[in-house]
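Asker: Protein chains in written order, with the numbering used here: chain A, 1 to 509; chain B, 1 to 509.
Be careful, since some hints might not be right.
To be clear about the criterion: a stretch of chain B counts as covered by chain A if any three or more of its residues have a C-beta under 8 Å from a C-beta of chain A, and this derived list gives those stretches [to be verified]:
hint : segment
1    : 232-245
2    : 248-261
Simulated coverage check for chain B against chain A, where a stretch passes if three residues somewhere in it have a Cβ under 8 Å from a Cβ of chain A [said to hold, decoys possible]:
hint : segment
3    : 24-37
4    : 47-56
Keep in mind that the hints were calculated from the coordinates and are not lab data.
Backbone N, C-alpha and C fix where the C-beta goes; we use that ideal spot for every residue, glycine too.
If you want the building blocks of each chain, they are given just below.
There are 2 protein chains.
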Amino acid sequence: MATEATADDASDAPEAYETLLERARRWNTIGSAAGVLAWDQQVMMPEGGTPARSKQLSSLSSVRHDMLTDDETAELLETLADSDLTDEQAAAVREIRRAHERAAAVPVELVEEISEASSEALPAWEEAKATDDFDHFAPHLERHVRLKREYAEAIDPDSDPYEVLFADYEPCLSIERAEAILTELRETLVPMIEAIRESDADLAVDTFEGTFPTDDQEALSREALELVGYDFSRGRLDVSSHPFTSGNQFDCRVTTRFDESDPLGAIGSTIHEFGHAQYNLGLPQEHWGTPLGESRDLSVHESQSRLWENHVGRSKPFWELFLPTVKERFPQVADATVEDAYEAANQVYEDNLIRVEADELTYHLHIIIRFEIERDLVRGDLTVEDVPEVWNDKYEEYLGIRPETDAEGCLQDIHWSHGNFGYFPTYSLGSVMAAQLYAAADEAIDDLDDAIAAGDFDPLHEWLAENVHRHGSRYETNELVEEATGEPYTADAFIDYVEAKYGELYDLS
Amino acid sequence: MATEATADDASDAPEAYETLLERARRWNTIGSAAGVLAWDQQVMMPEGGTPARSKQLSSLSSVRHDMLTDDETAELLETLADSDLTDEQAAAVREIRRAHERAAAVPVELVEEISEASSEALPAWEEAKATDDFDHFAPHLERHVRLKREYAEAIDPDSDPYEVLFADYEPCLSIERAEAILTELRETLVPMIEAIRESDADLAVDTFEGTFPTDDQEALSREALELVGYDFSRGRLDVSSHPFTSGNQFDCRVTTRFDESDPLGAIGSTIHEFGHAQYNLGLPQEHWGTPLGESRDLSVHESQSRLWENHVGRSKPFWELFLPTVKERFPQVADATVEDAYEAANQVYEDNLIRVEADELTYHLHIIIRFEIERDLVRGDLTVEDVPEVWNDKYEEYLGIRPETDAEGCLQDIHWSHGNFGYFPTYSLGSVMAAQLYAAADEAIDDLDDAIAAGDFDPLHEWLAENVHRHGSRYETNELVEEATGEPYTADAFIDYVEAKYGELYDLS
């Protein structure tokens, strides 16, 4: 349990603790400044600005790295190793220590080589994808595997290198638990999707067919954000080619994108990013710049976006609330019922090869396939040249479809061109966590469905703020889930959720 | 003359020079990152972001200050004091040395106190202006005068404190020359404005009367920027409450503002900011982050904006070119002639008390009045309590009008609430320089008027790039003007320009 004293309470904190926190505030503030520059780069910057922006970001990154790894930080951490700290103070020090040790372990030259490798891999990946030529990208992937193994070795030569890389994105969740969850997911979803493929259920999949002008979709996205309670005095909605969220507890902005033939895509993206933004906006302002005011890692972040996207935005109560607004913007759907909208929003795309266009179920198999392949690459159990065939085999095995090209196969996503191995699993882990958190919220809140249908999101906001957001990085991932839900973090709630929901939708026995 | 070797040419540069430049690139890159944050704050940031943004900017400012003033920088400068440098290298070192010495001379506590005094003075000034209560602002102005005198004393106890403050904005132009120019301006303009007041000339001042919707004005501003040659792949046009320019040679953005009853205001502002942007965009990209790739100071920057705003944007050839575009957007001016537009754009507002609404002539008396008062305050020749009366007396003496309230008198501008003494004169000094530069360009370019009327701005862009932009901070201010025009920097060209132009417009003998 947390003590009553806050970690910023100077009265009983050792001086070294205060000094360390003041330094952390400085480097995190610089990190957050870099976040503004990255947002600007994707949303506002004219193309000519790229060379200056790259230099600005790398200067900020160096300054931040220098502060995090310098002797003064090391000495303060050493002093604090034996200090008497409250639980919150100890948590803050634990987080800073972890970040310091990882950053200090990796030689600067290796960091620079990885950054250079990414810069070179990106255009190669773009060309390989455009020309469906995996061989053009293969040497870059090879180089990334080699460099990232070196990187893992520098951090911890005694551990499984994939585990070390995974910890860049999810530092306080064991790889065993992560793998167990992903395996359970695969074992549940593969037969479920097969059953859906064979089901005779006739969903109202054409509810949102037609053309939906971008301007109206943008207005509708704003209305959706207002409905769910986005605070525009601390945020913005803009457009970018890949939707993302950027910011802190004072100013957290979302982006979305529009496809004239797919209004559900923009709505889903917008609500997804809203979930990310609510997490950041719910972090304690007084702890900004310290671990107690920073979000937990990627799985937890993704749990917040998926909770809003799937458990709220794809629910019947939400469509009861939202459909009238949609009809005002788009009279062409005037005849749709709530059931129609719900079915359209939850249809399973049986023949889709592309992750970013996937539904709530098949999505995870796209993730799991890439996870299994990158894990085996990093562990040395798979060679780069075998990736395309293994990829296609797994699609056939798990999803019953086989890509005809590598462009719509293993080249579809950008992440490997950055060498980001270990990132993908957090997408699925977050969705699983979302189900567990939502089930606990639903249990704790009287008539949550009715509240949502009535547009009253306050109880859900309060539950999430109280049980997740306000803790910052106070708890490690498992601990946070257990504090919030009373249960260890498992796939159980997710499996219950999809079995009930898709069982009903597709008349599965 | 510049040597052929560039300052970045490593072949014959001492190692200390390369090291110093690398450090300068780092701190200037951080400074330019802060510029992006400041732009965002004024153009994009939601209001809730203020606390985080203030911290981000102050962290970046500290980091930059620490690098600029640390022992390594001091040692490198010492080493280079006796090194054999090319002219360009010597210029780069001169600029870095000046910045280092000023920053190192001022105690950090004093910098912080000034920053705090500004934070407190700003809301007090806002309230004082809103309630027309100078006494509410007076103690803050008093404090700024005291702190800025201390600041000047720390930098150079043997010099006139106003001279030292002026050098914050214009470090390489002597205060004597500046004062001589401002005095000549006053002596020319006061009788000229009196004569205009008595003139019977009947200008087409109502050419742009009516309502001009904001959206159309924005479209027209974009068209104006396209006409004069703004490179939108390296810039943007946005809206902010005070128009400004922000950026570097890769990405330089302008803002403007709209008043539905005053389309000339937006056009003038937009072209003014374009002039600032062209200067930054014309700086050598290879020298970005070093003094050879940074703009000269405020007077030179203002010369570029005023050259475009006044010598181009208020000229007959420009209106020959631009009026058809204006008429397409605003059919209500379909009957206006080029002469009408020219007269409307150049009318002298005889009864205007507000600087930011002033014309090309009376503008300078607004500047000179504030300059004379702030100079006397800083020198100890005037007390804060006497400011309102002295202000009003000067308006009566120079402009023939007397403010009835302090809100439209000495409280009208924000600058003193920041303690920015020494900044104002650069506005007029820049306009004077613009006239001298434009006269030289006009002399050098065949048929410049015809080129402008035909929409061919290339010769003017090339002349400015060659004679001003590409030099960065290679030359000191006077030297730059003399290199570009063959004459020392004086008010002569400006006086010739206004006497000819306004003599004709107002039938002055």
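Asker: Quick one: which hint numbers does this structure break? Sort them smallest to largest.
Answerer: none
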